[in-house]
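Peer 1: First to last, the sequence lines map onto chains A, B, C and D.
Position 111 of the first sequence, counted from 1, bears residue number 550 in my numbering, the numbering being contiguous throughout.
Position 148 of the second sequence, counted from 1, bears residue number 587 in my numbering, the numbering being contiguous throughout.
Position 274 of the third sequence, counted from 1, bears residue number 713 in my numbering, the numbering being contiguous throughout.
Position 150 of the fourth sequence, counted from 1, bears residue number 589 in my numbering, the numbering being contiguous throughout.
Quick caveat, the hints were computed from the structure, so don't treat them as lab data.
Treat each hint with caution, since some may be false.
Identical copies look the same in the list; a pair holds intra-copy or inter-copy alike.
[Said to hold, decoys possible] Result set (DSS-like, lysine-lysine): computed pairs, CA atoms no more than 25 Å apart in a straight line:
no., residue 1, residue 2
1, K736, K563
2, K485, K657
3, K469, K494
4, K521, K732
Protein chains: 4
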Amino acid sequence: MEKLLDRLIEKNRYLTQFGQVANYIPALEKANPEDIGICLIDGKGKQYCSGAYHKKFSIQSISKVIALMVALMDNGEEGVFKRVGMEPTDEPFNSFYKLDLPQGEKPANPMINSGAIVTTSLIKGEGEEKVNRLIYILRKITSNHDITYNEEVFLSEKETGHKNRAIAYLLKNKGLLEGEVEEVLDAYFKQCSIEMDCRDLAKVGWFLANKGRILKSKEQVCSEEIITTILAIMTTCGMYNFSGEYAVRVGIPSKSGVAGGILAAAVNGMGIGVYGPALDQYGNSIAGYGILKDLSKELNLNIFY
Amino acid sequence: MEKLLDRLIEKNRYLTQFGQVANYIPALEKANPEDIGICLIDGKGKQYCSGAYHKKFSIQSISKVIALMVALMDNGEEGVFKRVGMEPTDEPFNSFYKLDLPQGEKPANPMINSGAIVTTSLIKGEGEEKVNRLIYILRKITSNHDITYNEEVFLSEKETGHKNRAIAYLLKNKGLLEGEVEEVLDAYFKQCSIEMDCRDLAKVGWFLANKGRILKSKEQVCSEEIITTILAIMTTCGMYNFSGEYAVRVGIPSKSGVAGGILAAAVNGMGIGVYGPALDQYGNSIAGYGILKDLSKELNLNIFY
Amino acid sequence: MEKLLDRLIEKNRYLTQFGQVANYIPALEKANPEDIGICLIDGKGKQYCSGAYHKKFSIQSISKVIALMVALMDNGEEGVFKRVGMEPTDEPFNSFYKLDLPQGEKPANPMINSGAIVTTSLIKGEGEEKVNRLIYILRKITSNHDITYNEEVFLSEKETGHKNRAIAYLLKNKGLLEGEVEEVLDAYFKQCSIEMDCRDLAKVGWFLANKGRILKSKEQVCSEEIITTILAIMTTCGMYNFSGEYAVRVGIPSKSGVAGGILAAAVNGMGIGVYGPALDQYGNSIAGYGILKDLSKELNLNIFY
Amino acid sequence: MEKLLDRLIEKNRYLTQFGQVANYIPALEKANPEDIGICLIDGKGKQYCSGAYHKKFSIQSISKVIALMVALMDNGEEGVFKRVGMEPTDEPFNSFYKLDLPQGEKPANPMINSGAIVTTSLIKGEGEEKVNRLIYILRKITSNHDITYNEEVFLSEKETGHKNRAIAYLLKNKGLLEGEVEEVLDAYFKQCSIEMDCRDLAKVGWFLANKGRILKSKEQVCSEEIITTILAIMTTCGMYNFSGEYAVRVGIPSKSGVAGGILAAAVNGMGIGVYGPALDQYGNSIAGYGILKDLSKELNLNIFY
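The shape of chain A in the complex, shown without the other chains:
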């Protein structure tokens, strides 16, 4: 398996030159665009790694998956989905114009920024508590107690996040956001700034691929129903407005982040974490997508095959 991973990394490395590191958050610009790493944990829990699998990066939009999970645990399906939909959209992740049209009732889904800000607002806890609860559950799932958010990335996002601020104030205006807007945004920017490596991501993938059970302890910390909801939403909405093509080409429930991470949960119980900060036009890791496409074929992981 490790040879396969090595091979796929080498095969897809050339793609990094066609991608670009995210530049709208200054702290992300420092990443090395040529980095690629992967960690795969099979159904039995055996872990395989290759490339820059040990490099830490901020999880960015991948945090939306965990935030959705905690929001669902805190509020139930009805409590969450009355404020955010679960329909995929063909608009970019930071688009929010539809919310300003008369028919714009609520954000399309929790994987775009507007929906994710709603989800974060629904996590119980004041101030620092929201992000602490996300960190707590991530530490539990990964058994990695060093996981925390990167203060520099957080401050960079906070300082430049005017588009997210515009989204949050429109949500507030529409009665979709409880609490102080800046406090919710702080929680949101902090969750985006949580740092992990491919091994951590793979453990989260394994957790999702195994109905909410923790790799180390096998303890189930989330209901199967919530995991099903999350996997379906990852499939239809997880890769921004490339989710449809990704479902065709890869067919593994996944979620990407603009720092270059991809979290994938294969239905055969495999968890995968990929890293590659050079992004394509949709904001997905360009080499990460290439590797997952190949891996899906080699290991027959496409749920539609």
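Since the structure of chain A is provided, determine the placement of chains B, C and D on it from the hints.
Peer 2: Okay, now just chains B, C and D, sitting in the frame of chain A:
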């Protein structure tokens, strides 16, 4: 199994009163809103039926699946997807305003009307040939040689289909449509008017759930790759702008039509056809959805579970 | 005065190199982009000409003004404005996406294509009659009995007018268009193909600037109320999505066409016709605008000054 | 003249029952929906009043006219119009979805909220200085040194102005807004909260109708060119997305505010101030519009007549 189907029909029958028969095509208004029927063919080919499973109805948007298949067989992936995307959209099935925005390059996917009209235009053949090829392959898949289109429904759609006509002319204007617009529309309206019953639909479902093999002969008439593409697109786009929630609640690749049919292809090799002309606000059979939601739970068919 | 016109033509001639002849209708591409002409008729009826004032061109969108006038005479204000608004829009003249949004009740105004197609449909008369009535009134206003439409331009517009066809079918679908779509479109394409020169245009301008009186006979053929409505709509909507800036810079009720004509009706009773087929990005004659801007300053014609 | 004003007030009073006092800013809800008042100052400076002409109200969007004037005086046309357009729009005054579309370069015009926030940001001065400069010039124009902003209204707008906050942050994100967002918003909310009565408004109208000269001193405090620009923009954009119909029916450059004021500047040198807090669906004073429509006919003030 038949008892289960009977039970689910009875359980969901009350839903029909909350739905409405499609009224924008005069010929569809004649349907009995209380009808419900189902046919399920298991992986081994055993067939179970219940309710109004023998009633014929026009397949409407379900034809988009077959048209996509034939277009892919005729043109290859590149030939098709340079003119239509494969991204789900949160817009209704007959929306096309995005095509008139500067960024509106091509229809979002082949399951909305604008995309489906492109797909139909890509089927090889002049005049009557396009629809005849669709009918031919449907007869082959179902071993039912009586399948044909309903002339009255066709004429009704042709007469009142001004919205589709607007879409087609805009596509023509954008260089996305080859051939005469009215000829393509005739083919499109005819394919929508093809009549089948739940048993036929279930056979098509079985065909898709078994990598393109025909139930009776086991002959493979379509590449596995195309079937994967279709199943993925059905999952992300098949139930109009309810596809996201449907993936969560049902999790079976499906396609609905406004005459009340739903075609479903479960990954365990099961094919399902459902009929119930009373529709919900999205244009999906309201009782059909209810039955499939229950069936998915009872038989564990949700691919995300 | 003629010296002034000569001077302004020379001063603005360089602008033609920054514009482009309309290319979406093949017949228009043949125009000489360097042509500029003007005719001005003062309040007392004295006529001054300069440049290519005698060249004939199709009036294109300028016909929308006359069509609106006849539609108002035929149906009254209520009959017209229940189907088309009188609000300016910041969208291009051939945009119609808003009509496909749930809030898209009717076209914004009669100076954009969607609104103008509605107006034309409201002109009384079957088949050729609609355009004949427009030609009849134009001949009367200008005392030029040679005015007619150019068959080649008409056929060119008819053949390539798929965008207008899309608009018309959407209007039909929304119940805003009476009659056969293709018949209305024929009338619309024919009215766009009516040919005039600057002298004819100036007479129409004089007619509008003098409360509906014909230059030669002083006969009043249209109510003052309708003329007021038309002048106001020309001011807020007449120069496509440049109408706002044009009101600031020129301040003369005007209407442009993509063949390069501009019709202007100054409130001091002056009528002006300008021709220059090189267009700016909005579809207005680039040199024509330059000349009118200068003329407005020289002769103090800006109604907001 | 005063009799005419009395008569028009009585004639239009019944309209107030079809309108509604603005309720989205709590402080405005306290207004008496039945109030109507008018003040008219003729070209020679003679003042006529009727009804509730002495009642003070916050000028709200009327302040956009003065803010535009000062911004133009501070930055020149180019400095202002590179950040905000001068095109009318058919969208409501608080709509901003187009700014989130790829083609959304800048706000359509300075009379909608998004454009007005840009204009306010361009007024020179830090903190309280911006609004103080507006108050200073309004005092000068009206010779009323009591003019100031209402603290309660300001705080109410500030507290509930999340939509404007969303707009401002999106403008910031697009690089269209200099300075601290909350500071600009404070200035904007304060300018909206400036209180005047019909007599003050009429003096501002007189000032605009007389090329920037102050009624009392005849001192010219603004260039004629800026006044022309403002009058044109008031005509095409001043009455929200009713500006087109208003130009037809009234034809006087005007600007309304949601507290019920209308500022009008007739081209014969007349200045008019109207008050009536019951609003129509566009946000314009319902009785105020009725009175101005009648007045325009009675006194022949329509510039398109």
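Peer 1: Hint by hint, note whether the structure agrees.
Peer 2: A quick look at each hint next to the structure:
| no. | hint | verdict |
| --- | --- | --- |
| 1 | K736 x K563 | neither (41 Å within a copy, 30 Å between copies) |
| 2 | K485 x K657 | within (14 Å within a copy, 39 Å between copies) |
| 3 | K469 x K494 | within (13 Å within a copy, 61 Å between copies) |
| 4 | K521 x K732 | between (35 Å within a copy, 20 Å between copies) |
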